[in-house]
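Chains A and B are the protein sequences, given in the same order.
164 is the number that our numbering gives to position 131 of the first sequence; each next residue is one higher, with no gaps.
4 is the number that our numbering gives to position 3 of the second sequence; each next residue is one higher, with no gaps.
To be clear, the hints were calculated from the coordinates, so they are not data collected in a lab.
Predicted, not measured: the structure shown is a model, and the values here were computed from it.
Just so it is clear, CB atoms sit at the ideal spot from N, CA and C, and this is done for glycine as well.
Among the hints, a few may not be true.
Pair by pair, the computed Cβ-Cβ distance ranges are [stated by the list, open to error]:
id : chain 1 : residue 1 : chain 2 : residue 2 : range
1  : B       : 60        : A       : 61        : 15 to 23 Å
2  : B       : 60        : A       : 208       : 41 to 49 Å
3  : A       : 154       : B       : 49        : 21 to 29 Å
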Amino acid sequence: MAMSRLLKKKTAYIIIGISIICLILGPLFGLLLDKLTVYERQTQTVQESSTSSIRDAFAQPITLTKDQKLIVEISEFYQNSSVTIKIIAKSVYDLARNLDSAPGGLSGLDFVYSQFGWGSTPAGSTNGATSLSLPSSGIYFYIEFMGDRVGDSLISWPGDYYVIVYGSNSGPPAITTVYFDITIKVDGPGEALSNYLILIGALILIIYVMAVLISVLKANYLR
Amino acid sequence: MGNERKRSIIEMLPMMDKERATKFLIYGFIVAIIFGTILMISKSIADNAYSWFLLESQQNDMNYMAGLYGYNDYIVKAERADLIYRWMEYQVVIVGNVARIGVNIGMFFIAIAFLSFALNDKFDEKARRIYLVLAGLILFVIIFTVFFSQISVQIS
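Generate coordinates for the entire structure from the input sequences, incorporating the hints supplied.
So this is what it looks like as structure tokens:
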């Protein structure tokens with residue numbers, strides 16, 4: 034009785050529909066939720082005083098879970114501005130903030146940055162660093178961070194971190210504003226969600242086809 | 002009760018009327034074709050896995066060069082492509098075995114249908130002989146593919 038219900042047109046539409054929805058939504062979610070933007074600002078500003086006081090520096094708190102990656106895209110195209118980026122542990126940031134330390138004296142954690150180019154190998158165009166200065170080292174950087182690294186490969190150290198940016202303006206003394214562009218992203222649940230939805234969709238379809246086949250055979254021969 | 006039912010199905014199988022035997026034949030073909038198609042698709046996926054892997058790797062390289070993602074994302078995607086490639090090659094073992102059961106069940110239905118035709122005295126003698134030969138041939142294939150793993154029927 035329950036089996037013959039599977040053969041009804043309405044049931045077939047519903048089950049196959051759910052399966053197809055899962056198969057379509059999986060890659061779609063995978064694409065949309067691959068990276069989550071935590072902070073994005075074109076023309077972000079800090080004051081020159083950020084070089085001597087961490088309290089004036091740009092600071093974005095980030096919490097990373099196991100195997101989660103932090104992506105920072107930073108660029109510096111503004112007149113007379115130069116900035117330095119570091120990623121430090123929350124404990125280090127909290128202490129430095131309490132002491133009002135200069136960020137230049139803080140040791141940044143290891144990250145890697147890529148310098149993309151057509152024809153260049155991924156390993157050959159990736160380097161490690163603990164801090165980067167713009168524009169002296171380059172005017173655009175794509176940074177990946179997980180806590181630590183070995184060579185160009187990241188090691189996951191889940192925990193709380195701060196992305197700090199400080200800098201100076203080489204223009205007239207009266208102009209103390211420093212400009213830069215920054216986007217901060219973390220790995221989203223897209224990949225896992227995509228895999229689960231595709232698996233669920235495919236399983237529903239396979240199980241349904243098998244159940245229908247058994248149902249047909251049972252209805253005709255196995256009574 | 003259960004024994005009685007089982008016996009009646011077995012007894013009934015080769016002594017079916019023409020309509021029921023035709024039904025067996027059609028369903029047998031449907032089951033064999035469905036599972037056979039699944040098996041062929043599975044084999045095709047396995048055979049072309051490396052081509053897919055090369056395509057995916059090239060796409061990954063180009064996405065990196067275009068700056069869509071960084072080195073560690075590149076490595077993750079390359080490793081994932083490698084895993085999928087290995088699954089594409091291995092899935093034929095699982096799907097193939099399930100499909101083999103399905104094809105054999107389908108062929109069994111077809112053989113029973115032909116056997117029923119052969120035992121049906123409403124057909125003329127010549128036709129019954131042909132049906133018997135066909136049933137024997139199918140049973141022969143089933144037996145050889147079931148009991149001897151080195152012998153297989155390959156259609157490419």
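A quick look at each hint next to the structure:
1. In this structure the hint that residue 60 of chain B and residue 61 of chain A lie 15 to 23 Å apart at CB holds, the actual value being about 19 Å.
2. Residue 60 of chain B and residue 208 of chain A have their C-beta atoms about 46 Å apart, which keeps the hinted 41 to 49 Å range intact.
3. At roughly 27 Å, the beta carbons of residue 154 of chain A and residue 49 of chain B sit within the given window of 21 to 29 Å.
Consistency with the previously given hints is maintained throughout, with no hint failing.
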